[in-house]
Every structure is written in C-alpha cells, then in structure tokens.
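**Student:** Sequence:
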Amino acid sequence: MPHPLVTADDIETYQRDGVVLIRGLFADHVDTLRAGIERNMAEPGPHASENRKEGHSGRFFDDYCNWARIPEFAEVIRSSPAAEVAADLMRARRVQMFHDHVLVKEPGTSMATPWHQDGPYYFVEGKQTVSFWSPLDPVTEAALRCVAGSHLWEKDVLPTRWVAESAFFPDDGQYMPVPDPEAEGMRIVEFPMQPGDAVAFHYRTLHGARGNTSQTRRRAFSLRLVGDDARYVQRPGPTSPPFPGHDMQPGQTLREDWFPVIHRA
Numbered sequence: 001m002p003h004p005l006v007t008a009d010d011i012e013t014y015q016r017d018g019v020v021l022i023r024g025l026f027a028d029h030v031d032t033l034r035a036g037i038e039r040n041m042a043e044p045g046p047h048a049s050e051n052r053k054e055g056h057s058g059r060f061f062d063d064y065c066n067w068a069r070i071p072e073f074a075e076v077i078r079s080s081p082a083a084e085v086a087a088d089l090m091r092a093r094r095v096q097m098f099h100d101h102v103l104v105k106e107p108g109t110s111m112a113t114p115w116h117q118d119g120p121y122y123f124v125e126g127k128q129t130v131s132f133w134s135p136l137d138p139v140t141e142a143a144l145r146c147v148a149g150s151h152l153w154e155k156d157v158l159p160t161r162w163v164a165e166s167a168f169f170p171d172d173g174q175y176m177p178v179p180d181p182e183a184e185g186m187r188i189v190e191f192p193m194q195p196g197d198a199v200a201f202h203y204r205t206l207h208g209a210r211g212n213t214s215q216t217r218r219r220a221f222s223l224r225l226v227g228d229d230a231r232y233v234q235r236p237g238p239t240s241p242p243f244p245g246h247d248m249q250p251g252q253t254l255r256e257d258w259f260p261v262i263h264r265a
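So the sequence shown is numbered by our numbering: it starts at 1 and just counts up by one.
Hints in this document: simulated from the structure, not taken from any laboratory.
Quick caveat, the model's predicted, so the values are computed rather than measured.
Cβ atoms here follow ideal geometry from the backbone N, Cα and C, with glycine treated the same way.
Keep in mind that the hints are not guaranteed to be accurate.
[As the list claims (entries may be wrong)] Distance windows between CB atoms, simulated:
# : residue 1 : residue 2 : range
1 : Asp172    : Ala27     : 40 to 46 Å
2 : Gln174    : His246    : 21 to 27 Å
3 : Pro2      : Gln234    : 33 to 39 Å
4 : Glu165    : Met1      : 28 to 34 Å
With the hints as constraints, model all of the structure from the sequences given.
**Tutor:** Shown next as structure tokens:
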C-alpha cells in the first residue's frame, strides 16, 4: 500500500505526466524549513547565486547541496515522509539522497526561472528520479510550471546558464533547443499551493516559474532523490551540482557515503 498522502491515481499520473501535486508533504515541517532557509541565506554555501540579470528588479537567491551543514534541512529529510512518497511515485524499493535546493524570490522579483529540465545538468540518469518543490509561502503566480509528458521526450533539452542565457555544455546535436511551451501549445501544469504542499516532478520534466510580482516572499525548498535504476553518467563538462572528487565511473550507482540511502522498502 502506498503512503497515506499518495493514491494509486497519483502514482499513475506521475508515471504518465512526470508531475503530480502532493498536498501537505512537508506540512509538519514548514517552520523548520523556513528556519533552514534563513540560516542558508545568512550563511550561503559555495554554490549560492543571486541571479542578477540586467534590467530586472528584485532578488532571486538560490543555493544547493547544503543539507549536510544545515541541521534543519537534515532533520526534514530524516523525519518527513518525502522518502516514502518518493518510493511510491518512482515505483522504487530504494531511495537515495541526491541534493537539496533553495530558491527564494523576494517581492517584486521580475526574473523568471527559465524553462529547463534538471536532468541534463546532473551526472545521474534513470527512470526512477523525483524532485519535490515545496513553497513555504502561499503561491499562485510564482508557482512551479511543468510541461506534462516532457520526461518522455526522445531528446534532452539543452541546459543553459540562467543569467547569461548561454549553453551549459557544447551542443553536439544530442540536445533539443529550449522550447516555448506556451507558443507551442504544450500542456502546462501548475497549481495554487499552500506552505508544505509539494510538486513532485521527474528530473527530465520541463519546468520553470514566473517572477514574483506579489508583495510577499516566495521561498521554496526542493529535495532531489533517486531510485533503484539511477546510475552515474559522464557529461560533456562539469555538472551542476559538480561534486568534485566523487571518483565514480559511468554505470555505477551513486556512492552511498556521499548520497545516502534514506529509505528501503
């Protein structure tokens, strides 16, 4: 039986569309995550970015790979039902930690999160992957937007640098150009959300978010997990996150001392 927060329909939707809403996944952990984000912003890690783009207003902060040094994040990963829900959605027997990600758009932030897939930036591939994106403030206009079914596309979307708008890797023909989902009539899924709700989406699901033109902050916590079939893959250049010195070889499962198993069926 799946976790009480998940229905059989949710699992089918996730497999088919690559995205599904899980109400209340982190509802009991909102204050803890807010405290963790405040600590993260006061003590940014080496990957932190302010995403300053010429001609845009506001502040768009993001940072990742901080769970091991921010106790609030580690507590939520350990005590929330996220790993069990991930196992159900991925149809996996084992769930492994990949990384965390914080994204904060202050009031009046005009910069959008560009359309992208997460997978092409990462050094991991597999059908059993999931990201949870959870707002810690009520969201409507700045909610996550996902293109249903894009995780099943034949080609990955070219990863780009968000501010510079340049290609992250050399394009040798293995990538498709970044599409314009609205102009191309794709089915875009987005949800009004309350703090602690979570959008679950596959690493290959195309997604983005509008700027935050509201009068309130939009703080979001993301948790990236992998399942049984996830394997290390070599990319054309340094990945994001980079994880230097990991010493893994193509085809290997992620090393458990760096990416711990957090759930076994």
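**Student:** Determine for every hint whether it applies to the structure shown.
**Tutor:** Hints and how they fare:
1. At roughly 45 Å, the beta carbons of Asp172 and Ala27 sit within the given window of 40 to 46 Å.
2. Against the hinted window of 21 to 27 Å, the Cβ-Cβ separation of Gln174 and His246 comes to about 23 Å, which satisfies the hint.
3. Take Pro2 and Gln234: their Cβ atoms lie about 35 Å apart, and the range 33 to 39 Å holds.
4. Between Glu165 and Met1 the CB atoms are about 46 Å apart, so this pair departs from the stated range of 28 to 34 Å.
Hint compliance for this structure: hint 4 alone is broken.
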